[in-house]
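As given, the protein sequences belong to chains A and B, one line each in that order. Mind the numbering: the first sequence is residues 1 to 97 in the numbering used here, read in order. Mind the numbering: the second sequence is residues 1 to 274 in the numbering used here, read in order.
It should be emphasised that the hints constitute simulated quantities derived from the structure, not laboratory data. Glycine included, C-beta positions come from ideal geometry on N, C-alpha and C. Treat the hints with care, as some may be off.
[What the hints assert, rightly or not] Here are some, though not all, of the chain B residues that point toward chain A, as calculated from beta-carbon distances under 7 Å: (1) Thr29; (2) Phe33; (3) Ser36; (4) Gly182; (5) Ser220; (6) Arg240; (7) Ala241; (8) Lys242.
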Amino acid sequence: MFKGMISALALGVVLTATASSSVESVIADAVAANKQAKALGHEWNVTGKAIKAAQAALKAGNEAEAMELAAQAKYMAEASVYQANDEKEAWKLRVPR
Amino acid sequence: MKKLTQLGILVSVAVSAPALASPEQDRATFEKFYESRFPQVAEGDFINGVYSILPAAREQWEAIEEFPPYEVAIELGEEIYNTPFANGKSFADCFDTPAQRENYPYWDSERGKVVTMEAAINECLVENGEKPFKTKKGKLAEVSAYMSYESRGQTINVQIPDDPAALAAYEQGKQLYYTKNGQLNFACSDCHMYGSGLNARAETMSPSLGHTSHWPVYRSKWQDMGTLHRRFAGCMTNVRAKPYKALGEEYSNLEYFLTYMSNGLEFNGPGARK
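Only chain A is shown next, with the shape it has when bound in the complex:
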């Protein structure tokens, strides 16, 4: 019984640590993509705020919320990079003839 409790607690600690590192990984992806967007001149003003919010939620121990915010930040950062690359040619179609 006692051994079982110890195992359950240990598993809980492992799962929590895994969740934290998983959130940290998503935040790191978001930060890297946002940095790329900035270098391309396409950083969105909402991405940095979302990254900070995810970091704050993680620090406060709200991992589910942190993961959701981190995923949003990563999505926005990657979308801004996509926009930057797509617009390298797409802008020409808007020049009037």
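Chain A is already provided as a structure; the job is to place chain B on it using the hints.
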């Protein structure tokens, strides 16, 4: 198959041609676009921005212009312009006359960059051992307001010299104008070219022809004066993009392109807008 290949080449040329047009071809097409879209606007009247296309709003604006909210800024700007720096010199040692708008923006071949009038004001300060002004409002906008007022009636005549770097700066400004940015995925041209005359919420979007003629501007929304680059930054914020640095390369090149598009129109700054 050969015909298909030829067709493909033709389509490719047709699509890419506008981006490769000369600045003067660009300007003629740009002007024609707005003249066709707003045939009711009198020649030269696009310098009045959205009021050139909204008769009812124009009446209110003309009433505001009787006691213009930028008047104080002109007076403060004149005082700053004539106040000696710590070394005894003043802006008059950098500019032969405050009526300088017609000389800006210009391509500085030696330094390989576009120089705007506001950048030149700050450069004058630095050259004389003074701290540069903040770049979007305050003293910079006041000196700019005074100099713009003194320049009223001058003709916009931006030159793009025979220098590949100057043309590249112009092209970068042009690219920025037509490039979508921000989470809302808007280009300047989406609102101020293809959306001009339409509404964004309660506001009518102004045409870009003549956009750079009347700066700096007293905006009721700001309750303050602001430079053209302040407005550029505001637009970028509105579409949820991170703004570029005022007086930096991006906005200077955008100003170079947009002002060139208005060549032949008059400078009529400073202005008052909602």
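Hints, verified against the model:
1. This hint holds: threonine 29 of chain B has a C-beta 5 Å from the nearest C-beta of chain A, less than the 7 Å allowed.
2. Against a cut-off of 7 Å between C-beta atoms, the interface hint on phenylalanine 33 of chain B holds, since the closest Cβ of chain A lies about 5 Å away.
3. With a least beta-carbon distance of about 10 Å to chain A, the hint placing serine 36 of chain B at the interface is violated under the 7 Å criterion.
4. With a cut of 7 Å, the hint placing glycine 182 of chain B at the interface with chain A holds, because the nearest CB-to-CB distance is about 6 Å.
5. Because the closest C-beta pair between serine 220 of chain B and chain A is about 24 Å apart, greater than 7 Å, the hint is violated.
6. With a cut of 7 Å, the hint placing arginine 240 of chain B at the interface with chain A holds, because the nearest CB-to-CB distance is about 5 Å.
7. Because the smallest distance between the Cβ of alanine 241 of chain B and any Cβ of chain A comes to about 6 Å, under 7 Å, the interface hint for this residue holds.
8. Nearest Cβ of chain A to the Cβ of lysine 242 of chain B: about 4 Å, under the 7 Å cut. The hint holds.
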